[in-house]
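*Asks:* Protein chains in written order, with my numbering: chain A, 1 to 435; chain B, 1 to 435.
Treat the hints as calculated values from the structure; they're not laboratory data. Check the hints yourself; a few may be wrong.
Repeated chains share a single entry, so a pair holds when one copy, or any two copies, can fit it.
[Said to hold, decoys possible] Below, a list of computed lysine-lysine pairs in the DSSO-like style, where the Cα atoms sit at most 27 Å apart:
| id | residue 1 | residue 2 |
| --- | --- | --- |
| 1 | K82 | K381 |
| 2 | K82 | K377 |
| 3 | K97 | K381 |
| 4 | K97 | K310 |
| 5 | K377 | K310 |
| 6 | K97 | K82 |
| 7 | K82 | K122 |
| 8 | K377 | K397 |
| 9 | K397 | K310 |
Values in this document were obtained by computation on a predicted structure and should not be read as measured data.
Protein chains: 2
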Amino acid sequence: MIPLPKGFRFAAIHSGLRSEPNRLDLALIVSDRPAQAVGVFTQNRFRAAPVLLCQERLPSTQMRGIVICSGNANACTGEQGKQDAERMAELLAQSLKCSPEQVLVASTGVIGRPLPMEVMEKGIPNAFPLLSDNADSVHQAARAILTTDTRTKITYSTFTVPNSSHRETKSPGSLNDHSPEKGEKSTTTYTILGIAKGAAMIGPNMATMLGFILTDAPIAAQRLQPILQRAADRTFNCISVEGHTSTNDTVLLLANGLSTFSENSGTLIDSVVPGRGEISAAEEERFAREIEAVCQRLAHEIVADAEGGKHIIRLQVQGCRSFEEARTIAKTVANSALVKTAVYGADPNWGRFVSAAGYSSIPFDIHQLSLWLGVMKLFEKGMPLPFDAALASAYLKNHVEVTLRFQFGEGDADCTFYTSDLTPEYVHLNADYTT
Amino acid sequence: MIPLPKGFRFAAIHSGLRSEPNRLDLALIVSDRPAQAVGVFTQNRFRAAPVLLCQERLPSTQMRGIVICSGNANACTGEQGKQDAERMAELLAQSLKCSPEQVLVASTGVIGRPLPMEVMEKGIPNAFPLLSDNADSVHQAARAILTTDTRTKITYSTFTVPNSSHRETKSPGSLNDHSPEKGEKSTTTYTILGIAKGAAMIGPNMATMLGFILTDAPIAAQRLQPILQRAADRTFNCISVEGHTSTNDTVLLLANGLSTFSENSGTLIDSVVPGRGEISAAEEERFAREIEAVCQRLAHEIVADAEGGKHIIRLQVQGCRSFEEARTIAKTVANSALVKTAVYGADPNWGRFVSAAGYSSIPFDIHQLSLWLGVMKLFEKGMPLPFDAALASAYLKNHVEVTLRFQFGEGDADCTFYTSDLTPEYVHLNADYTT
Numbered sequence: 001m002i003p004l005p006k007g008f009r010f011a012a013i014h015s016g017l018r019s020e021p022n023r024l025d026l027a028l029i030v031s032d033r034p035a036q037a038v039g040v041f042t043q044n045r046f047r048a049a050p051v052l053l054c055q056e057r058l059p060s061t062q063m064r065g066i067v068i069c070s071g072n073a074n075a076c077t078g079e080q081g082k083q084d085a086e087r088m089a090e091l092l093a094q095s096l097k098c099s100p101e102q103v104l105v106a107s108t109g110v111i112g113r114p115l116p117m118e119v120m121e122k123g124i125p126n127a128f129p130l131l132s133d134n135a136d137s138v139h140q141a142a143r144a145i146l147t148t149d150t151r152t153k154i155t156y157s158t159f160t161v162p163n164s165s166h167r168e169t170k171s172p173g174s175l176n177d178h179s180p181e182k183g184e185k186s187t188t189t190y191t192i193l194g195i196a197k198g199a200a201m202i203g204p205n206m207a208t209m210l211g212f213i214l215t216d217a218p219i220a221a222q223r224l225q226p227i228l229q230r231a232a233d234r235t236f237n238c239i240s241v242e243g244h245t246s247t248n249d250t251v252l253l254l255a256n257g258l259s260t261f262s263e264n265s266g267t268l269i270d271s272v273v274p275g276r277g278e279i280s281a282a283e284e285e286r287f288a289r290e291i292e293a294v295c296q297r298l299a300h301e302i303v304a305d306a307e308g309g310k311h312i313i314r315l316q317v318q319g320c321r322s323f324e325e326a327r328t329i330a331k332t333v334a335n336s337a338l339v340k341t342a343v344y345g346a347d348p349n350w351g352r353f354v355s356a357a358g359y360s361s362i363p364f365d366i367h368q369l370s371l372w373l374g375v376m377k378l379f380e381k382g383m384p385l386p387f388d389a390a391l392a393s394a395y396l397k398n399h400v401e402v403t404l405r406f407q408f409g410e411g412d413a414d415c416t417f418y419t420s421d422l423t424p425e426y427v428h429l430n431a432d433y434t435t
Numbered sequence: 001m002i003p004l005p006k007g008f009r010f011a012a013i014h015s016g017l018r019s020e021p022n023r024l025d026l027a028l029i030v031s032d033r034p035a036q037a038v039g040v041f042t043q044n045r046f047r048a049a050p051v052l053l054c055q056e057r058l059p060s061t062q063m064r065g066i067v068i069c070s071g072n073a074n075a076c077t078g079e080q081g082k083q084d085a086e087r088m089a090e091l092l093a094q095s096l097k098c099s100p101e102q103v104l105v106a107s108t109g110v111i112g113r114p115l116p117m118e119v120m121e122k123g124i125p126n127a128f129p130l131l132s133d134n135a136d137s138v139h140q141a142a143r144a145i146l147t148t149d150t151r152t153k154i155t156y157s158t159f160t161v162p163n164s165s166h167r168e169t170k171s172p173g174s175l176n177d178h179s180p181e182k183g184e185k186s187t188t189t190y191t192i193l194g195i196a197k198g199a200a201m202i203g204p205n206m207a208t209m210l211g212f213i214l215t216d217a218p219i220a221a222q223r224l225q226p227i228l229q230r231a232a233d234r235t236f237n238c239i240s241v242e243g244h245t246s247t248n249d250t251v252l253l254l255a256n257g258l259s260t261f262s263e264n265s266g267t268l269i270d271s272v273v274p275g276r277g278e279i280s281a282a283e284e285e286r287f288a289r290e291i292e293a294v295c296q297r298l299a300h301e302i303v304a305d306a307e308g309g310k311h312i313i314r315l316q317v318q319g320c321r322s323f324e325e326a327r328t329i330a331k332t333v334a335n336s337a338l339v340k341t342a343v344y345g346a347d348p349n350w351g352r353f354v355s356a357a358g359y360s361s362i363p364f365d366i367h368q369l370s371l372w373l374g375v376m377k378l379f380e381k382g383m384p385l386p387f388d389a390a391l392a393s394a395y396l397k398n399h400v401e402v403t404l405r406f407q408f409g410e411g412d413a414d415c416t417f418y419t420s421d422l423t424p425e426y427v428h429l430n431a432d433y434t435t
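Make a model of the complete structure from these sequences and hints.
*Replies:* Below is the structure:
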């Protein structure tokens, strides 16, 4: 059973946005109390209307809900698209009895078609009564946001801290001093839930997908933003399918603080006041690690569900001057069709692998580069090694996830990047997909 | 019949470097007199031994010959590879009775295997007596340098200038004043011959292929370098197949000046002395245009022969702030697997086309962007237009070369870029290719 963060509810319905009968296409996520909220978004110049709306409203300390539709991206839809996204938020706000500014919107699907708003006008109020805080409603919401994905992408993390650690960040005499007495051995458990979609148009420049990270930890938006940005940089921005950055990439992180507050005081307050009742600096470090782990698992799930993919290619790029340089090299290798087809063909083609690294624009000493495929060293200090080609090919044939490790001699920074192989099925799927 | 530049001879043999019986795999190109020579080369950090050799020896005013082998790239072969490339040059120099430094080397084929030098030791002297200045020997040389190409790539240009224009750049009393008397209506014809290979591992950062441009025009290396660099930037660097920059990309330009000198004086001199006997500034402009045209036709031929390609995609990117920005956008669109598969599938998927432009890193106002497929406008000022999808699809189905035109509102610069579509055949070819 998935542990759910406190105070979040989920709903999904078939609104009729998709023509397939009964296919879920509209999801709602609601926080029972105003949540701290931040987001990271596509770097594409074409940003869909829901992306623009979220960017206007974030960061926020008062977020109550998210409306998500699949089947229509509401991208390249101009002024009408913006009004439609605003109306979607308004419809949920009416049911929630909050301000429209307290609602976010995300969409995914076909680009350039106006949203059929009559469907939304009915669908959002119809979905609202279904909101529920059980695992089944989470699964349904995760299914409703899929497009060409073959499976839902849900993950979570929980971690428990002794309550006494809260003291550290509190002002003396804080009005919101809900923590137990010093020395008391009570604990608080924080839960992080992550839901995502993505199977193609996956290129690593921000998230290239939709992701929703929900937590009951008490932490202010200003602290959340760098945590999410760093996590996205090292997870969602370290994957690719074909490297095409979408117009709708959105990862939202909502933290409602209900874990601490409900357990310790039973009282809801309007908002986390920075520095009061928030997680401590030491806890933040752990929290950030868990957020990154949740993002990493979702990112991995996306590559595992890559359109037509037969392999997950794990690129470990080590010994670089900086994470950014390591990522640039990894991304170049990941986006090489010759690398991807070699892996699909179970061909341990080290020449393609190292030459892809060679054209990434990052300078390096080729005489310091070594390369491993799995545990087999194929290339050492700029020169190929003799290796058992049949064994290397069998490794590629027999494993779904394969590792290519590049060891440079430039520094201590490294990056792990995931991509998929390029298969005839990918081409067929994308040649036949109708706009 | 191909017009050949004066004073160049060609030969090709099956040396045995390739195992297929009788497949040509070794070519020689020789200039009868020392030629001015320049080159442009791959930007890959991994530069093959022949690339390093050429870079050391160029620019040159004394170049006599080029040895080219196919089937083995002599890349990632370390110190031995460098010695082998040097030995190849030496073998031709021995036959030519010139210094080894007057010979260049180019190789293409499998990466990381030592050259079987016993094959070269015999092959180069055996090929030498076959050197000939007829069209048949050019065709054979063009065939000998191919790898996965399905056809040879040969083009040429000739242009004629009145001899009196030579005066302009001459010093009075020049020792080499071979031009006829002022007013005499004689003319000189210059011939440019271009030969190339390339079908995959084509990514636009320098030439990503082998190209040999030979001319009998009299022009010094110092003037040739910027002409070749500019031509390559706008032709070979404006094509891609899958965007993978090779380790061996080389374009060499040799100008032996024999057209002018042999016609006007019948005497050979050791070298073109800059400013003496060279083509004038006005002629240089024409010459540079013709060099670019020759490079353009070769570049186009490479894309037309792209592995598995069913379409040539011509990307016209217009209205940008600079050529470089236009090219960056074009290259991003060209390398999008979603764009390539849409064209293969005859899907007029403007959403993929404009969103690919949107993630190129070049900033632009999306509300100024319009897009045409052939003559059909699909997108205007940031918004899709209604269009006849069946007609647009028929355009893609029925044409081998299709045009996508992006009109930005940022400036006056533009770029034309060629790429191929992505087909299941491309994947099969590259998954099954054995290293």
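*Asks:* Next step is simple, just say for each hint if it's right about the structure.
*Replies:* Each hint, compared with the structure:
no.	hint	in the structure
1	K82 with K381	between (54 Å within a copy, 16 Å between copies)
2	K82 with K377	between (53 Å within a copy, 24 Å between copies)
3	K97 with K381	neither (65 Å within a copy, 38 Å between copies)
4	K97 with K310	neither (47 Å within a copy, 57 Å between copies)
5	K377 with K310	within (23 Å within a copy, 38 Å between copies)
6	K97 with K82	within (22 Å within a copy, 76 Å between copies)
7	K82 with K122	within (19 Å within a copy, 73 Å between copies)
8	K377 with K397	within (18 Å within a copy, 46 Å between copies)
9	K397 with K310	within (10 Å within a copy, 29 Å between copies)
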